[in-house]
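Peer 1: Spelled out from the first residue to the last, the chains are:
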Amino acid sequence: MAPRSEQQVPNKPQGDRRPVGRPKVVDTAQGSLAMLLNLVRTGTATTRQDLERHSELGRASVTDRLATLVLLGLLREGELGTASGGRAPRHMEFCADAAIIPVSIIEASSLAVGLADLGGNLIAEHHEAIDLAAAGPHSTLERLATLFKWMIEENARPAWGIGVALPGAIERTEPFAVPSVRPIQSWGEFPFAEQLTTRFGVPVFVRGGTQAMTMGEFRLGSAAGQSDMLFVNLGRTVSAGVISEGRLHRGAQGAAGLIGSTLVDGQTLDSGAGAEAISDEARRGARSGESRYLNDVLTRNGELSAVDVGHGAELSDEFCRALLSRVGRLVGEALAPLANLLNPSLIVLSGSVAQTGDTLLAAVREAVYRKSHPLVTRDLRIMRSQLGGSAGLAGAAQVVVEELFAQDLLREWVTLGSPLKSTRMLEALVSASGRLSAETVRPTPPVAKSTRPAIRRGGSS
Amino acid sequence: MSISGLGPHGERAAPADKINLSEVEEAAARKRRFAVAVILHTTTSDWSKQELAGIVTMLGRFGAAVVEVIDCGFDVHAQNDALRRLAKQKLDAVISIPIGNAKVADAHRALAATGTKVVLLDNGPTGLIPGTDYVSVVSGDNFGLGQTAAELLSPWIETGGQIGILSYAADFFATHEREIAFRKWMGDRRPDISIVRGKFQEPGQAAQVASALLDEHSALAGLFAVWDVPATIAARELRARGVKLAITTVDLGNEAAADLANDGLIRGIAAQQPYDQGVAVATITLQALLGKSVAPWIALPGLAVTADNVVEAYQVVWHVPAPEPVARLRLAAVRDQKR
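Here the protein sequences come in this chain order: R and E.
Per our numbering, the first sequence starts with residue 1, numbered consecutively.
Per our numbering, the second sequence starts with residue 1, numbered consecutively.
Don't read these hints as lab results, they were simulated from the structure.
Please note that a few of the clues may not be correct.
[To be verified] Below, in silico cross-link-like pairs of lysine-lysine (DSBU-like), each with a Cα-Cα straight-line distance of 30 angstroms or less: (1) E:292 - E:31; (2) R:421 - R:149; (3) E:18 - R:149; (4) E:18 - E:103; (5) R:149 - E:184; (6) E:103 - E:88; (7) E:31 - E:18; (8) R:149 - E:199; (9) E:292 - E:244.
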């Protein structure tokens, strides 16, 4: 089966004509159940009358299928709609709370986890700082599993799938197949997705971080309702996600958007506009005394980040402002050719560097407008991400929802009431276990821990 | 102390002590005489009183009136009702501590949609977007507070010991962060310790929950309560049962401070700085009302408080001398040293 696009559309009969021949009864039932569920889930049709029209099924079939979906706990009767001459129609509601989707985005310096409902809406999230390179894959996995376990216990509902976004590009896989994840060179052959799959007993869907953020921003953030967007993740490295005509463009290998190696002013975008490059320049400015603010922060915290530079710029520190203007110009000049190529209606800047405030945003705008064709920039908006650090979590949730409710997969499990009972899921679990036992997991050296404090027994301190 | 935690959307914290009004902003604020309302989960706790004192002092200094203070009594519905009512009053700004998560998100969003600036304390409900649905979250470093509470409890627990967490059942970002950080610190530094948990719906249940935990786990050697009110209620219950174990918590309330100073069950407190937080949130509110871009997550570091430094910490946190029962102990210690 060919990998599907991220964009999942409810299954309407293709073309103008019905398929020729009479399908088997069981196929008809599963197909129509899946179709009706998706029509309600996506809000395309929610009353019986609308469902009949969109599905081209008869009234008796729709009534029968809806009753089945209610029994399976996937739909419920909703509120009364507006009457248009007669009895007010009853809306059907998708049971988005039937299960939960744990999601995570792991970046070089942070780990975020969240829970989403089956509508892909985040219902909880938590972000914490990590040093991914120092932590290594084993302890990163353990931390992620601990947080997932805690969140699932807090929520007391079953998980139907896990979505994870990792740094770098993730190769395309078949739906439900457990992907071999090698996003970070030092992780080697570590069976990250296999471990998660077997520990939690649910399918794990992995995407590149920027692609997940792009999905999140497209569905729930500033790009909601737009069809052409360029999403730029300004983190330690610089990467982009492209939504073209309402679809996420993943590329032949799933590696679309790796723009950090683009040369601008004789340097790569990563080395001129990445968070690490900004931190290096900030440290230089702090130590040389060019920035009093950064000097204060470095003295207090012992470290400096791009966000500190942003805070400095907001507090009118000239060094910080000049640095962010220069970075913004580099980013803008790299984006202008992409804007000319893709003609997006919206460019969204995200990542820690984008959090630095208005100075950078203004410089990006100025460079893009200056270097792009006037027709391309006529209605182009350039803005910061609305979802910020939540975009990756929201996007990972969207990925899982769209995979679980893809029409062909849904047909397989809809009569079972849960994707976890499907044959393909059971096969994926067996496959993950098999790969785990076959692979030799390289032991990771333990991270040095500080000495435990001495035991005190009673008495005042 | 630096800030350990990240914001509700993963933001890195802007330091609260660097946020000040310029002279031009001060003059502009005085001229415009803003009207602000404050919504708190409760107005009766020591934390709330100090938070409010910081807010009204700072706003009053620059010509802004606090026209209403609403006590929601930990009730989600009361908060939603208050927010909907305030949405009709066309105030300049509302400073609010969201009680729940998703349950109060819509009412906050609707208030912001009327043009009122919404500035949040401690909690950014999931789904609300900074810059659109609210201006900023101004908070204690809850992740850091949880880590500090763990570090303070650790020396009192023998190898292989068991501890309990008195956890708040509400879906509340600040207390979740404390618990997550507490568990993380213990997992990293004291993996020998096992952790059990009891949940309370409202602080008054802390005695019953602590008692039930102890009935089920008689070897319990320590407790972490996610803030001081349930900690002191649990301490009273445990004392009444003749149980002696170590408790750590968050917030330097008067009763907790006295227990700490008097060799009680409370052995350590990760203290927030509510007065300073109140000043910071008031400053951010004024800056937002003057059209200035502000950081979405502003955090204040916590203080690690033990019996050794409780008097000084009290002065820093409350901006007043420590109460007599707390100060008396320190005076006795000074006399002992001079003998």
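Peer 1: Each hint: holds or not?
Peer 2: So, going through the hints one by one against the coordinates:
no. : hint          : verdict
1   : E:292 - E:31  : holds, 16 angstroms
2   : R:421 - R:149 : holds, 21 angstroms
3   : E:18 - R:149  : violated, 38 angstroms
4   : E:18 - E:103  : violated, 33 angstroms
5   : R:149 - E:184 : holds, 13 angstroms
6   : E:103 - E:88  : holds, 20 angstroms
7   : E:31 - E:18   : holds, 24 angstroms
8   : R:149 - E:199 : holds, 17 angstroms
9   : E:292 - E:244 : violated, 53 angstroms
Of the numbered hints stated above, those contradicted by the structure are hints 3, 4 and 9, listed in ascending order.
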